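Visitor: Sequence:
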Amino acid sequence: MAFASIALMLTQLASAVVAPVLGQSASALPTSTITFPAGQTLTTVNGQLVLGGSDLYYVSAKAGQTLLVSVATNEGDVSFEVYAPDAAIAKSADSKAMLRGKALPDAGPDDHAKAWVGRIPRSGNYLIAVTLAETGPVLTDYSLTVSLQ
Numbered sequence: 001m002a003f004a005s006i007a008l009m010l011t012q013l014a015s016a017v018v019a020p021v022l023g024q025s026a027s028a029l030p031t032s033t034i035t036f037p038a039g040q041t042l043t044t045v046n047g048q049l050v051l052g053g054s055d056l057y058y059v060s061a062k063a064g065q066t067l068l069v070s071v072a073t074n075e076g077d078v079s080f081e082v083y084a085p086d087a088a089i090a091k092s093a094d095s096k097a098m099l100r101g102k103a104l105p106d107a108g109p110d111d112h113a114k115a116w117v118g119r120i121p122r123s124g125n126y127l128i129a130v131t132l133a134e135t136g137p138v139l140t141d142y143s144l145t146v147s148l149q
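When the letters of the sequence shown are read in order and numbered with my numbering, they come out as residues 1 to 149.
Calculated directly from the structure, the hints in this document are not laboratory data. Because the structure is a prediction, the values reported are computed rather than measured. Incorrect hints may appear among the rest.
[Claimed, not checked] Ranges of calculated distance between the beta carbons of each label pair, as one might list FRET restraints: (1) GLY52 x GLY108: 17 to 27 Å; (2) GLY39 x PRO137: 30 to 40 Å; (3) ALA90 x GLN40: 26 to 36 Å; (4) VAL138 x ASN46: 17 to 27 Å; (5) LEU42 x GLY64: 11 to 21 Å; (6) GLU75 x ASP110: 17 to 27 Å; (7) SER32 x GLY118: 14 to 24 Å; (8) ALA133 x LEU42: 18 to 28 Å; (9) ALA93 x GLY39: 15 to 25 Å; (10) ASP110 x ASN46: 22 to 32 Å.
Heads up, the beta-carbon is just placed ideally off N, CA and C, and yes, glycines get one too.
When you get a sec, could you build the whole thing from the sequences and use the hints?
Guide: Written as structure tokens, this is what we have:
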């Protein structure tokens, strides 16, 4: 039991140390980094969302590269947003993601994007937020495909 407590404390400490490095507050929601297999420019990430929830991913891109993002699901209204490197993540009182920053054209909160292609304006870590609408199934699986060329 003591080992589990120590592991939990180390995990919390690591989160507090890593979060500010990513430009987030220590109370921010967890994020994942999208990586590409060696020699590949395309990858797919599978995830699961709860009603009204979101999953957050970072992808490192260089100015001038073309980013392609698409999301697919068998049920539910899953969409995504893509934010510039200066985006900030915070946790709302109900533990949902609150994103602040500039979304890329046609990939913002009001666009409900399912597929998007665009040229990266400046180098940095771009934030992709995959969300499940507030209506529909309580839980749904999704596949997020990201290509960077």
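Visitor: Would you mind marking each hint as holding or not holding in the structure?
Guide: Now the hints, each set against the structure:
no., hint, verdict
1, GLY52 x GLY108: 17 to 27 Å, "holds, 18 Å"
2, GLY39 x PRO137: 30 to 40 Å, "holds, 37 Å"
3, ALA90 x GLN40: 26 to 36 Å, "holds, 33 Å"
4, VAL138 x ASN46: 17 to 27 Å, "holds, 18 Å"
5, LEU42 x GLY64: 11 to 21 Å, "holds, 18 Å"
6, GLU75 x ASP110: 17 to 27 Å, "holds, 23 Å"
7, SER32 x GLY118: 14 to 24 Å, "holds, 21 Å"
8, ALA133 x LEU42: 18 to 28 Å, "holds, 27 Å"
9, ALA93 x GLY39: 15 to 25 Å, "violated, 45 Å"
10, ASP110 x ASN46: 22 to 32 Å, "holds, 26 Å"
Comparing the model with each earlier hint shows a violation of hint 9 alone; every other hint is respected.
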